[in-house]
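A.B. asks: Chain by chain, the residues run as shown.
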Amino acid sequence: AQSVTQLGSHVSVSEGALVLLRCNYSSSVPPYLFWYVQYPNQGLQLLLKYTSAATLVKGINGFEAEFKKSETSFHLTKPSAHMSDAAEYFCAVSGTSNTGKLIFGQGTTLQVKP
Amino acid sequence: ETGVTQSPTHLIKTRGQQVTLRCSSQSGHNTVSWYQQALGQGPQFIFQYYREEENGRGNFPPRFSGLQFPNYSSELNVNALELDDSALYLCASSWEAGAGTDTQYFGPGTRLTVL
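From first to last, the protein sequence lines stand for chains U and X.
In this text, residue positions in the first sequence follow my numbering: the first is 1, and each later residue adds one.
In this text, residue positions in the second sequence follow my numbering: the first is 1, and each later residue adds one.
Read the hints as simulated data drawn from the structure, not as lab findings.
It is possible that part of the hints are untrue.
As the list claims (entries may be wrong) - A partial selection of chain X residues facing chain U, derived with a Cβ cut-off under 7 Å:
#1 42
#2 55
#3 60
#4 90
#5 103
#6 107
Said to hold, decoys possible - Okay, the calculated bits of chain U under chain X, using three or more residues with CB under 8 Å as the criterion:
#7 11-17
#8 74-81
What the hints assert, rightly or not - Incomplete in silico selection of chain X near chain U, CB under 8 Å:
#9 95
#10 102
#11 106
#12 109
Note that the structure is a prediction, hence the values are computed from the model and not measured.
The C-beta atom is built at its ideal place from N, Cα and C for all residues, glycine as well.
Please construct the entire structure, taking both the sequences and the accompanying hints into account.
C.D. replies: Rendered as structure tokens:
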């Protein structure tokens with residue numbers, strides 16, 4: 001079975017500081033990994049995805065994530081936080097079912113302080 | 001290109017009632033997946049429809065059912081509503097079912113409140 005664990009339900013950073021959101025996965029097969037962002041009262045928007053090509057994946061809005069098989073991790077980073085980055089972030093895994101269904105973590109709320 | 005749309009935006013029902021939620025997939029997509037997102041939780045997979053057939057189901061009871069139409073739009077029906085059904089229901093469309101690498105594009109969701 002596949003699963004995702006997001007460490008830290010709330011992360012607070014100052015504007016301009018490094019953003020690091022942690023995601024660890026469990027999968028019996030090579031996983032496909034995704035980061036989605038959810039702004040208040042909205043659906044999910046894809047930030048980036050890992051599909052077994054380059055291990056460092058660049059996404060939208062300056063975010064990137066690195067796939068580390070040895071650590072079973074796919075942490076999301078951004079060098080400099082912006083106020084508009086405040087949102088809920090979800091890590092998800094897919095790959096073992098015939099549906100490509102996404103299995104999500106519990107989410108991390110990012111707060112950006114001025 | 002039109003994105004994924006859902007209706008209604010909000011809905012209030014009472015226990016025991018039935019509800020139908022609707023989703024229009026993104027142009028060119030033939031696969032629709034439905035997710036339930038309880039407050040403070042990550043979305044959970046309900047089921048998927050591919051070319052008008054159910055193509056996989058999560059751990060939800062049979063009172064959750066769905067349809068997909070020839071234009072690939074979809075409905076989610078929930079019978080005998082329970083308080084725990086209160087959640088944000090998200091619809092996502094994609095190009096082809098089963099491609100784990102395929103991006104799922106999400107709609108804005110329908111907020112269901114069961115009283």
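A.B. asks: For each hint given before, does the structure comply? Return the numbers of the non-compliant ones in rising order.
C.D. replies: Those not satisfied are hints 3, 7, 8 and 9.
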